[in-house]
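*Asks:* Please build the complex by placing chain V on the supplied structure of chain W, with the hints as guidance.
Here is how the chains run, residue by residue.
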Amino acid sequence: MKVRIVTDSTSDLPDEIARELGISVVPCYVNFGTESYLDKVDITRDEFYNRLSEVDRPPTTAAPPSGLFAECFEAILSESSGIICLHPPDRLSALRQSAIKGWELLRSKVPFSAIDSGQTSMGLGWIAIRAAKAAAAGESIESVVQMIDDLKHRVELFAALHSFDYLRMSGRVSWAQGTIGQFLRIRPILHLKEGNIDNAGLVRSTNKALQQLVRRFDSIKQIQDLAIIHSNAPELAQRLIDAIKYHSPEAIITANLTPALTCHVGPGAFGFVAIT
Amino acid sequence: MAEQYSDRVVLCEGRGLARLLEAGLAWLDHNHETINALNVFPVPDGDTGTNMLLTMRSAFNEVAESDLNHVGRVASRIAHGALMGARGNSGVILSQIWRGFAHTIEDLEVFDVVQFATAMRRASDTAYKGVVNPVEGTILTVIRQAAEEAEIASEESDDLVLVLKKVVRRCHRAVAETPQLLQVLADAGVVDAGGQGLAVILEGMQRYLQGEVMRVAEPTEVVVAEHVAFEEEYNYDVQFLIKGYRLDVDMIRDQIDQMGDSTLVVGDENLIKVHVHVDDPGEPISYAISKGTILDVVVENMQEQFQEFVRAQEPAAPIVPTPKTELIEGQIGVIAVAPAEGIGRVFESLGVNHVVLGGQTMNPSTEEILSAIEDLGTDKVLVLPNNKNIILAAQSACEMAEKTARVIATRTVPQGVSALLAFDPEGNVDELVDEMMESAGEVATGEITTATRDVELDGVAVENGDILGLADGKISFAGSDMLEVFKAVLNKLETESRELLTLYSGAEITPELAQEAVEKAQDWYPEIEIELVEGGQPHYHFIISAE
Chain W
27 MKVRIVTDST SDLPDEIARE LGISVVPCYV NFGTESYLDK VDITRDEFYN RLSEVDRPPT
87 TAAPPSGLFA ECFEAILSES SGIICLHPPD RLSALRQSAI KGWELLRSKV PFSAIDSGQT
147 SMGLGWIAIR AAKAAAAGES IESVVQMIDD LKHRVELFAA LHSFDYLRMS GRVSWAQGTI
207 GQFLRIRPIL HLKEGNIDNA GLVRSTNKAL QQLVRRFDSI KQIQDLAIIH SNAPELAQRL
267 IDAIKYHSPE AIITANLTPA LTCHVGPGAF GFVAIT
Chain V
79 MAEQYSDRVV LCEGRGLARL LEAGLAWLDH NHETINALNV FPVPDGDTGT NMLLTMRSAF
139 NEVAESDLNH VGRVASRIAH GALMGARGNS GVILSQIWRG FAHTIEDLEV FDVVQFATAM
199 RRASDTAYKG VVNPVEGTIL TVIRQAAEEA EIASEESDDL VLVLKKVVRR CHRAVAETPQ
259 LLQVLADAGV VDAGGQGLAV ILEGMQRYLQ GEVMRVAEPT EVVVAEHVAF EEEYNYDVQF
319 LIKGYRLDVD MIRDQIDQMG DSTLVVGDEN LIKVHVHVDD PGEPISYAIS KGTILDVVVE
379 NMQEQFQEFV RAQEPAAPIV PTPKTELIEG QIGVIAVAPA EGIGRVFESL GVNHVVLGGQ
439 TMNPSTEEIL SAIEDLGTDK VLVLPNNKNI ILAAQSACEM AEKTARVIAT RTVPQGVSAL
499 LAFDPEGNVD ELVDEMMESA GEVATGEITT ATRDVELDGV AVENGDILGL ADGKISFAGS
559 DMLEVFKAVL NKLETESREL LTLYSGAEIT PELAQEAVEK AQDWYPEIEI ELVEGGQPHY
619 HFIISAE
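Chains as they are written, first to last, in my numbering: chain W, 27 to 302; chain V, 79 to 625.
By construction, these hints were calculated from the structure, which means they are not laboratory data. In this text, a Cβ means the ideal position worked out from N, Cα and C, and glycines have one as well. A few of these clues could be false.
Here are some of the chain V residues that sit facing chain W, going by a computed Cβ distance under 10 angstroms [claimed, not checked]: (1) D265; (2) G420; (3) R423; (4) S427; (5) L435; (6) A500; (7) L578; (8) Q593; (9) V596.
Isolated chain W (complex conformation) (with noise of 0.2 angstroms):
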């Protein structure tokens, strides 16, 4: 018996690299108004960008309740030698409390632990991917969650939106608040790392976030893993293939944002996340 990984929808970990790792999935609500939806699973990707664009304001997300996370416990439970959790940050989002109230109802003995990665998106899908591997190798509960602690400290996430609209509302980022970005189109980057999402430049247009973007992707050194990520423009998610020029384009995983993130950051944006 192996230890097994669990995430949840905003790790926008590709369906076919889940399954194959055998990492579990939890999904998030989205609502459009009273209307609630699990991400992917009651409402397509395609359904969700058609119900986007008929709104005024945009869905709103929520961590899907303790007893969905229970039911996903409980099914991997008796193959498991232990589970390990990993979700966004708790300053963002209550997906790790759920999870972990989801496995007290079970009252079970197997070693458990629930993870703040500090990260979203691939950020968190690559720290999952991570540690599949580890644990598909055979390692421990101890030392797969020693590993995934060191992992932490070394994922950027930086990511160019559309607008300030929808982080605006989303209410998660102080600095995204007031009246910055509401009279002009501003594009803020934002720049995740271990938890803090910052403001890493505004810009106009979209030749100039990408070029902010390739500046940033030119500074990390040492890039071991790369992930493109985009909400619904796979467009632009290859102008910044293109533009970055990586070692091994092969290796890239590109990943369409989930709908439950991309009620944040709304669609439009682009950008990469780099393990080094």
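*Replies:* What follows is chain V alone, placed relative to chain W:
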């Protein structure tokens, strides 16, 4: 020189200098519209005559009510007033002229022609030093030639009247020659406005010395007193003191009484108190100046007070305060000059802590910018002038400030917006200046306005009243149809290779017309993203940012 009708004047004392200043101010006031019309670009932009007039008025206010007779101290006050009130590039250079002049004579009780010539030379040198790249064919050429002439003339005569007469003649010649020195003046068919302003000021002084009565046509100070809740027949309440020698109280009372009502004239042959309600406050003041020195001038606009009182009785509309970026101790603060509130809001949304209103024709003074710098709750300040005619005043304010203050020399609103994208309140001041300037350079600016006179410039024939399009400061098209001009400007801005177009609509543009412009632009350039901002700026129908 206290006796203005004497034939010769060999010494000038403090009160004499104040009277000369007033004469220069009065003559400039009389001529400032003509000077405004000398703008190289036929656009309502940074009116030189108005800027110099406001600078001179600020200088005069420092000495108008003073009885100082030490010429050095009077000159220092004048220089201080000019420096604080300086507006626009010509105003700033004029203030430098006064500074150099005052510095030379600061210890003198009185000055003679030789000292006058020395002071003029210093004035010229100081003016040149105040400009990073001095250009000939401007006010600089005129002050330099004035100084040269003063030196030559003072060797031949000890009479200030004669010396000043020669100086003025030389100034007018220098002004007439400015188009030969500066091609843009020749192209525009004008002489240099700043140079002309200086010549006019000196001419006013000369006219006064030759016995002309130089009248100050407008009140030099407006003090608002308690509210008066009745409508008056006359608009202004004027009060002042006349100080003089053998004043005829009864005759003065009769004269003043003919100008308005509620007349009160009391006093003796040395000091008279005047109180009168009139339509033109200049009339009693000018009259009084012909009788002696006037002091404690108070002019109140009674109509304004009445209106204010009425407004105060009505329930005020709720005012939604614009949220300002809070400054934390040690952070860098930003001040931006904006031509209207709409654009000011945009600047505030980008982290500007204080917006100084002013811009096109109303350039803010050095003092306004300086006090904004001093009032900001931090000791590190960046100033964005956002107009080429405000850069010098901003630089002057930064130099005077007791804080670390730097100018980001933005010439347009779009440049200011672009510069702000690179702003970081936690950054290093000197590095930020470079980074923000670099960012400012990444945007192209278009402007659409109405021509204020006929001219042929940059190969474009412009008629007064034409809609005029400028791309990065150069005239690109003139015509009668707004949208046609708009299209030509977009073309000049290479919009086909741009991504984002921002239109700041002017005060006179209806939402319908603004919307039509957006739709047209989208038709012409289907790929580009277009945003519309209600800028509210005067004179400029559209300010366009292309990036």
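*Asks:* So, as I understand it, the hint says D265(V) touches chain W; can you test that by seeing if any CB pair is closer than 10 angstroms?
*Replies:* With a closest approach of 35 angstroms, the D265(V) hint is violated.
*Asks:* Next item in the hint list is S427(V). Is there a CB on chain W closer than 10 angstroms to its CB?
*Replies:* For S427(V), the interface hint holds, since the closest Cβ of chain W sits about 4 angstroms away, which is under 10 angstroms.
*Asks:* Given L578(V) as an interface hint, is the shortest Cβ-Cβ distance to chain W below 10 angstroms?
*Replies:* Holds: closest Cβ of chain W sits about 5 angstroms from L578(V), inside 10 angstroms.
*Asks:* So, as I understand it, the hint says L435(V) touches chain W; can you test that by seeing if any CB pair is closer than 10 angstroms?
*Replies:* Result: violated, 17 angstroms to nearest chain W Cβ.
*Asks:* Answer holds if the nearest beta-carbon of chain W is closer than 10 angstroms to that of R423(V); otherwise answer violated.
*Replies:* holds (6 angstroms)
*Asks:* Taking 10 angstroms as the limit, does the beta-carbon of A500(V) come near enough to a beta-carbon in chain W?
*Replies:* holds (8 angstroms)
*Asks:* Report holds or violated for the interface hint on G420(V), using the least CB-CB distance to chain W and a cut-off of 10 angstroms.
*Replies:* holds (8 angstroms)
*Asks:* Next item in the hint list is V596(V). Is there a CB on chain W closer than 10 angstroms to its CB?
*Replies:* violated (13 angstroms)
*Asks:* Mind checking the CB of Q593(V) against every CB in chain W and telling me if the closest is under 10 angstroms?
*Replies:* Violated, about 17 angstroms.
Hint violations for this structure: numbers 1, 5, 8 and 9, all remaining hints satisfied.
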